[in-house]
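Sequence order for the protein chains is A and B.
So the working numbering is basically just the index in the first sequence, starting at one, shifted up by 12.
So the working numbering is basically just the index in the second sequence, starting at one, shifted up by 1.
It is possible that some hints are incorrect.
[Said to hold, decoys possible] Derived lysine to aspartate or glutamate pairs resembling EDC-like cross-links, with alpha carbons at most 20 Å apart:
(1) A:Lys252 / B:Glu327
(2) B:Lys94 / A:Asp359
(3) B:Lys400 / B:Glu442
(4) A:Lys252 / B:Asp324
(5) B:Lys129 / B:Glu365
(6) B:Lys149 / B:Glu182
(7) B:Lys296 / A:Glu360
(8) B:Lys296 / A:Asp359
(9) B:Lys84 / B:Glu25
(10) A:Lys92 / A:Asp54
(11) B:Lys296 / B:Asp224
(12) B:Lys432 / B:Glu413
(13) A:Lys463 / A:Glu307
(14) B:Lys94 / A:Glu395
(15) B:Lys200 / B:Glu218
Hints are computed from structural coordinates only; laboratory data are not their basis.
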Amino acid sequence: MMRNMTVAKAARLLREGQLTVSELCSSCLAIEDKYNAFITIDHDKIAAQVKASEDRFRKGMSLGILDGIPFAVKDNFSTKGIRTTCASRALLDYVPPFNATVVQRLLDQGGILIGKTNLDEFAMGTTNVVSEFGPVRNPWPMDDCPGESKESYGAGGSSGGSAAAVAAGLSLVGIGSDTGGSVRLPAAWCGLTGLKPTYGRLSRYGLIPLASSFDSPGVITKTVHDVKSVYQAIAGHDNKDATSSRQSVESQDHEIEEYGKPLAKYTIGIAQEHHVTELDKEVLECWSETIRKMELNGAKIIKVSLPHSYLMLPCYTVLTCVEVSSNMARYDGLRYGFRSSTGETTDEVYGYSRAEGFGPTVRRRILSGTYFSLRNNRHRYLEKAQKIRRLILDDYENVFDSGVDMILSPSTLTTAALSNSDNDMIDTLQHDYYLVGANLTGMPSMAIPIKLAKNGLPMSMSLIASRYQEDKIFHAARIIEKEFNFLAS
Amino acid sequence: MIARPWIRYCSSGNVHWEARVGLEVHAQINTSSKLFSPSPVRFYAPPNTLVSHIDAALPGTLPTLNRQCVKAGVATALALSFKLNRQSYFDRKHYFYCDLPAGYQITQQRVPLGIDGKLTSYVLSPRKVNHLIDGSHMPRKTLCVRLKQIHLEQDSGRSIYDTYGSQTLIDLNRAGIGLMEIVTESDFACGQEAVGFVKELQAVLQSLDTCNGHFEEGAIRVDANVSINRPGDSFGTRTEIKNISGLRSLGKAIDHEIQRQIEHVQSGGQIIHETRGFDEKSGSTLRMRDKEGRKDYRYVPEPDLPPLLLMYDEDRSHVSTDDPWEPVNIATVLKSMPKLPAEIRMNLMNSYGISLEEAFILHEEDGIDYFKTIMSNCRYGSVAASWATTELLGLLRRKSLNFDLCPISGSEFGSVINMIGDGEISTATAKKVIRMIVLDEHQMTPTEIIAKENLTQMNDIEVLSKLCDEILNSSSAKALLKNKAKKNPIGYLIGQVLKQTKGRANPTLVNQIMTEKVEKL
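With the hints as constraints, model all of the structure from the sequences given.
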């Protein structure tokens, strides 16, 4: 049942009384977590939430479409009274005294917090392999694929746990964080819809930061409609986050389609720099097919250029490493978190606690970031990268200013990587090639599942639009979704 | 304004040196909550009871700017004639220390709140009244101090080393309190000049109420940088002096460091750029272990805070808004600026014809309200100011009182001054009466005492003339006048008249009359 259950469908069934909240959540929890998707599941808290929700339904006082709907949260979002580990030894026993704003907003609307999901340590990674709790496995290829001994594939990172949970039916909604593709990449590899909205649309308060000027919470579900519902429920200004946008979240409902073809008013850009040799042939063909379908629906397709694309990954690497080295400075074991038993002086306590608490990826990024921001090095790395970021932003703005509504690209170069593949930092970064642009520019972007490849793994396309143009993406994505009907796979 | 001569330090080798001193002042902002978090700001509280999630740097917390702190910064900047930057930024300054929870301090490094300010301060010397230092200060020299910049930043927590338990204890109550950092140019030549500046700055901050200015509570902290050079040469290498606990320590530390540097260079040494701490007990500066580690702070822009925006809109200067995201309106702050000490003193001087010293002391001793009460019925402003700041103040001090608690009301004091000015009582009588009330705690007003004891001055020339004749006719007077060796016989004779009249005789008139009569002899 859970394979094809969506938020919209569940909400209807709950509203009509055909399903109880208890039945819904039990179905989720009944599924075996073979994928290592969850780190913490607090059954007592779930029971209390379920009861409260059922009470509301009984009294006819449901809080809305999200009441009773199970959601899973990446374990780098603070949850009050529930340990929040960031999949790291550094925070193994850390229990926050407050909820992250997006979590609170979901709870306020009756959402049932099913559990905290696995991630790459401190959200640093693209494969969800590097975690104190072990790697997350991709539910694809699904069990009903006949015969052959199946290889194990990674779920993608860093929000691998949230994606695997939704794909396997362990939850209906997955909340993740996206710094360089960490919501959209696992969504793509797990055949799901993943949205990273405009920077500032979703509050970062309570999200344990990786790179503050890149991070955005994101939503992972099975359909565009689901993503939109959840997004609208939690988006909006938060007083506690000074970088959150004050722009009102208004939705122009595109349900009522005008006469003529649904995508007639859209110009879709195809960037020449996105056509790279590393792109898997099947994914390339899938890209062409998507373009054709959009044209059939009336969209105008033109070629565009993002000339500084080749600089995106290096620029992203330098800037995020610098922000990481800054954001990680607070983990010293004095007020919370792991504290080493070695060391007597302040420097020693700090040094050992951090060396033993952080995994190698985290340590590498901290040291790199420190290096890039040293007085003697900044002009060559940090300051240069800041300038290049501006150039990359200009690339996208030039394209959108010239009349293009959205850019369509593959979400990833290939389908999901094997679980045991090499986790070299530079190589794995390639997975983010199509995705980091949205984080460098703060623009909204969504990964949409298209069809399965021959190996039984999902292929996905991405749309990116100018800031605050989420509605265009929702509209176009809906059409694509209808054309390909991935959910039937 | 007097041109500033450099103070020259001489050493035994007759080589002249110049010293250049600059100050870095950290003033705690007097708001009810901290700069980036809603925790309350209080001086006395049990440790770690004023610490919010943000102050403790819990993962995932974010700073939000306290608008009141911005207003305080703007007001202070305006009072110190800074040019305000309409757009300034926050930056992170990284170093590891146990009292810095986030591992970085949020400050303003790229573009501060204000630049290029100035403050006129005074070089003060202790005032002597009757050859005794009475505790107040006289402005001897004016100093126009250039101010490099003012910016906002977070205060750190406090760490206490517990030698008994061999551990470091951390209190984060102070972590996150807003600070205004004011940096001066190296315009001071000695400790005294620096102390005078800090005193004036304290007075400005207190009048604005943006900082209570108390050294003891840590509301204001001062670091000094000191260098020496031969006259005509460019700046020498600077050393920084930290750990200064009060105004007196500031003066001592600076002067000691200047002396140390001179001696060091004269004996062939070189000054190195280092941080030194002032040690109260030895009265000297000692090299400090660099607690902050490497001095590369790896400044990065603070990504969690947007730029600090100010606007100037006179049309909206009356609008007071609590919206934390509205830029602070400079015009609104300007409108509600209180009078600053310099203006207050100038007004006193112009309105009542008093001197700068008197205005300074009245301001420093919180005597302005009292003085204005005096002047509500007194006709002799200059005399009143002089008497209030010397005779009266001296007596109040001896009884550990101040102008607020003065047992003589302002209007009564004014009446006394009128009587002096009109010649109704002599200065000696006035002094006596004031002492009776303040020191001896007679529970009467001066007017009552003067009436009761019949102390009015004798100005009748005929009466005085007769008295003088009487004295001159006494045997002792005659003997005195015969003895030509005695100097100033007239003084003695006048004294006798005063003694006889219990001080009531007008001494000037007596002097006149007596001199005439003696000459006639």
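Status of the hints after comparison with the structure:
1. A threshold of 20 Å between alpha carbons decides the hint, and for Lys252 of chain A with Glu327 of chain B the separation of about 16 Å falls inside it, so the pair holds.
2. Taken as a hint, the Lys94 of chain B and Asp359 of chain A pair is honoured in the structure, with Cα atoms around 18 Å apart against an allowance of 20 Å.
3. At most 20 Å may separate the alpha-carbon atoms for a hinted pair to count; Lys400 of chain B and Glu442 of chain B meet this at roughly 10 Å.
4. The suggested pairing of Lys252 of chain A with Asp324 of chain B holds, with an alpha-carbon distance near 14 Å, which does not exceed 20 Å.
5. About 16 Å separates the Cα atoms of Lys129 of chain B and Glu365 of chain B, which keeps this hinted pair within 20 Å; it holds.
6. Proposed proximity of Lys149 of chain B and Glu182 of chain B is supported: the alpha carbons are some 10 Å apart, at most 20 Å.
7. The hinted pair formed by Lys296 of chain B and Glu360 of chain A meets the criterion: a straight-line CA distance of about 19 Å does not exceed 20 Å.
8. For the suggested pair Lys296 of chain B and Asp359 of chain A, the alpha carbons sit about 15 Å apart, so the restraint of at most 20 Å is met.
9. This hinted pair checks out: Lys84 of chain B and Glu25 of chain B have alpha carbons roughly 18 Å apart, not beyond 20 Å.
10. Among the hinted pairs, Lys92 of chain A with Asp54 of chain A is consistent with the structure: their alpha-carbon atoms are about 12 Å apart, no more than 20 Å.
11. Using a Cα cut-off of 20 Å, the hinted pair Lys296 of chain B and Asp224 of chain B holds, with the two alpha carbons roughly 17 Å apart.
12. About 14 Å separates the Cα atoms of Lys432 of chain B and Glu413 of chain B, which keeps this hinted pair within 20 Å; it holds.
13. Annotation: proposed proximity of Lys463 of chain A to Glu307 of chain A holds, straight-line Cα distance about 18 Å (limit 20 Å).
14. In summary, the hint linking Lys94 of chain B to Glu395 of chain A is supported, as the alpha carbons are separated by about 16 Å, within the 20 Å threshold.
15. A hinted pair counts as satisfied when its Cα atoms are at most 20 Å apart, and Lys200 of chain B with Glu218 of chain B qualifies at roughly 16 Å.
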